[in-house]
Amino acid sequence: MFSLFKGLWIVLRHAFVKRVTVEYPEKKPVLPPRCRGRIILSRDPDGGERCVACHLCSAVCPVACIALQAAEDAHGRRYPKFFRINFSRCIFCGLCEEACPTYAIQLTPGVEMGEYKRQHLVYEKEDLLISGVGKYPGYNFYRVAGLQIEGKDKGAAENEQPPVDVRDLMP
Amino acid sequence: MVATLHIDGAAYSVKEGQNLLQACLSLGFNLPYFCWHPAMHSVGACRQCAVKQFKDEKDTRGKIIMSCMTPATEGMRISIEDPEARAFRAGVIEALMVNHPHDCPVCDEGGECHLQDMTVMTGHVCRRARVRKRTHRNQDMGPFVNHEMNRCIACYRCVRYYRELAGGRDLDVFGWHHHVYFGRQVDGPLESEFSGNLVEVCPTGVFTDKTLKGHYARKWDLQTAPSVCVHCSLGCNTIPGERYGELRRVRNRFNEEVNGYFLCDRGRYGYEYENSDLRLRHPLRLGAEGPRPIPSAEAVSYVAGLLRNGGRVLGIGSPRASLEGNFALRALVGAGRFFIGWPERERALVTTALRLLREGAIRTPCLREVREADAALALGEDVSNTAPMLAFALRQCAMQRKIKVAAAFGIAPWDSDAVRLVGQDEKSPIFIATPCGTRLDDIATRLWRAAPEEIARLGFAVAKALDPDAPEVPDLSDEAKSSARDIAAALREAERPVVVSGTGAGSPAVLEAAGAVAAALRRLGRNVQLSLVLPECNSAGAALLGGGSLAGALSEVRKGQVDTLIILENDLYRRLNAEAADALLAGVKHLMVLDHLANATTARAEVALPCATFAESEGTLVSQEGRAQRFFAVHPARGEVRESWRWLREIGMAAGQSEMAAWQTTDDLIQTLSQEPGLSGVKEAAPGREFRAAGQKIPRQPHRYSGRTAMGADVSVHEPPPPEDRDSPLAFSMEGYQGQPPAALVPRYWAPGWNSDHALNKFQGEVGGAVRGGPAGVRLIEPAADAPARYAAEIPPPFQPAEGQWLVVALHHVFGSEELSAHTPGVAQLAPRPYLGLSPEDAQRCGVGEGDPVELAVGSSVQQLPARIIPGLPRGLLGLPAGLAGVKVVELPAGGRVRSVTGGPP
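Chains X and Y are the protein sequences, given in the same order. So in the numbering used here the end of the first sequence lands on 171, straight run, no missing numbers. So in the numbering used here the end of the second sequence lands on 1077, straight run, no missing numbers.
Please note that a few of the clues may not be correct.
What the hints assert, rightly or not - Taking lysine-lysine pairs in the DSBU-like style, the calculated list, with each CA pair at most 30 Å apart, reads:
1) Lys381(Y) <-> Lys304(Y)
2) Lys933(Y) <-> Lys81(X)
3) Lys154(X) <-> Lys384(Y)
4) Lys304(Y) <-> Lys125(X)
5) Lys81(X) <-> Lys381(Y)
6) Lys154(X) <-> Lys933(Y)
7) Lys125(X) <-> Lys933(Y)
8) Lys381(Y) <-> Lys152(X)
9) Lys152(X) <-> Lys384(Y)
10) Lys384(Y) <-> Lys933(Y)
11) Lys152(X) <-> Lys304(Y)
12) Lys186(Y) <-> Lys154(X)
What the hints assert, rightly or not - A few chain Y residues facing chain X, derived, Cβ under 7 Å:
13) Trp391
14) His874
15) Arg875
Calculated directly from the structure, the hints in this document are not laboratory data. In this text, a Cβ means the ideal position worked out from N, Cα and C, and glycines have one as well.
Produce the complete structure using the sequences and hints provided.
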């Protein structure tokens, strides 16, 4: 008998508590930046594509919804010739972001991706690539890697010595 | 001798005297290593394979030893898991990684990198060093190998492989202390035709596949299947990889009886013709305004109509097409009207070679046996260009002597530095007699440069010197006599001599002479073997199947007996001179051609059908050893491309040949084919389509294959079911048996923790030895046990250089002479430009300098070529590159005339 009134009391009390439910879509909720939503490809601070087409995101993807093809541009930089995510398969697990060695692929708080046609959920590189650095400012893979690209000679990366002169006999 | 080895307290039986690293790996332990390689053995340079050795069971301190440099002895006690040994190995990796660049995401080796595997194995995760990384400049090494020197860990495997095994001179180590540099003195293409193996030999990404870089895919994304190389007659085993419907690369598939750990560059890089723009993708019908695509059904019904209406049909097969394709064509047109599409001279050569092997008492060796031979005589064949891996095997044969010398000092064959030191310049006796210099000359004990007839006479003279019962060679020069005596003396000393010859010189007498030398050695009771190089990947299979030559086909056409001609995977304009080919094709009313690539013959075809390449179909090839080997489709054919035999079957069925309806799968066809005499072994070449491992098919895709639900999503988001493979026990899928299948079905090498090709260790019973379950393929040719060793009756007369008359011989080129590989950009880049080779004396006499235009007339064929002066070419001989684009087809050797053309080239 007592427990019945207690339950009723709790329910009544909640009628006056501040609401946590947001009247979506009239009101937009503020999602924290670490929310795992729509996937993007970011650029490095110098404006170059961050993705170097290493295939790690596609390899780790548990639903195999990422396909890409690596290519090399005239400057010696690796980039994806095409980069496709089939969002109708994506489970937004975020493993691709964890696997990415260059901070290129990032999950964003964007969740409004609904489409009437499944085919429209297939995103190509031009749909994915944004013009900013996303969540990780400052990092540029090519400044760390030993690979020579235009504008960065051998030995010019962070923590590198100038190239060895093989014909030098000095100790 | 078996020794008991105690590893971490447990007892194991290992081969006594074997090095501990090999023993531990063979037992299945994961012990990291770098400088050791199963084909190059131990030098103890990298210090990575350290283990702890204990004196006896009471010893608890032990000492660190290098397992690759320590022979296993009875009762030995070692520990792999000892904390000190583990820390030592981790320290070595950490030191190696100090200068390793932060490159893995952009490195082509990533995902199949031995350094990655070993780093993970030792547990190293974080670079603690605070020093700056050493860097190096890269070199341009030509179209096949990419160089990224920063990644080097200085294991020295590349130079050991390149200089000692492959015999290259232009890659070396430069600099000193921590500045050592592995490269060439200056930029430029690597000269060795085995340079592609650097990609597999290098434990990290210093040397990577440049053709793969152009269309890169990770190892885990490649769909792979066991295959066989189609670019020469040796039948090396390969693993081609496909992604997005395009062939991406070819890797070595280990077969201890054939290619072992290595491939030549023609085999490794010749694959790109498969992706060529010249590929036929639709059936074409020649109309007034050129060829136009037509539907498959229309093409089939049209050709069937020609056959059904009582049309007299003739079939021309091909020595580069599979047994299945040739057999299906023969079944369609009838055995009497089936001709293998080779010129009469080639037919005679191949049948002579096959007769020597099938009817004689001498066995033909597999390449392993050539590698293990202790003396060799190469008669007339430039194996470095016609069968490169045989040349590679002869290089290993030359090293056998060093191993023998070292053994006398009690040095194990795996102690490679000590063997080299003790062996010094010792090498097995190898004699090479060819019309022109070869890239194998540096290992030869003695060399002869002579016309093919003279080479044959030298061979017969050697036979006579070995066996007095052999026929006498008339009019032999004193020099030849003494040479023959020297060769005979060396061969008589050998325990396992091998005689190498082939069809490359174009002379049956050379083949007979090689047979005579082998027969003479056999009579002396030596364990001699005879290896004969054939022109193409399925020459032996075509010869076993039987059928006339193009001369026979031409006479049928001349008689007016042919309405419809069906040509299978054969460009007649490469076999016959243009006039003869025109005459043959003009004599028929209807011409149907099946081929992969558009060529001069398909351009003349009324109907051209697109047929599948080795990477899109299943089939059987017979190598020069007589080994029938099955290749499997790597990926399903796109568009309307089909296997040749499927086209022929459909045409046959539409034309009313009901027995062809029974060929539902390749196995059904092979079943019928195996009833042919001499071909009964073909069905044993690989397990049939019903084969299942633990109830499952063998997956062509690795278990990490990515992008399945996105790769086709641009076309349709609804994924199609994986293509079904009804022909083989392999599946176009990731699902299936993940363990080790039989050798003929191994689609890739991978084992947990071993992502690189070194995962092969886990597939071998003893590391470096046979794959578990035995080698792939089945030998169709075995010698008749009781056949007497006989000698050929005819000995050619001596070659006399005549004034104004030359003998034109074919010079083969590893890059350019073979039809299909010549269509790949890298091979085309390295192929020589057309030329005519003259000896320096003849050039001087004719007043011709290097590059001057000269006119060559052979019979009615006249062509203008730039002269190339070839030192060592005998006087009176002209060298014409064989099969090279831009050189007119001439049957060689043949008499010819040459004259200098003034006024420069046209």
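Let me make sure I understand: some of the numbered hints might not hold for this structure. Which ones are they, in numerical order? Numbers 2, 4, 6, 7, 12 and 14 - these are the hints that the structure violates, sorted from lowest upward.
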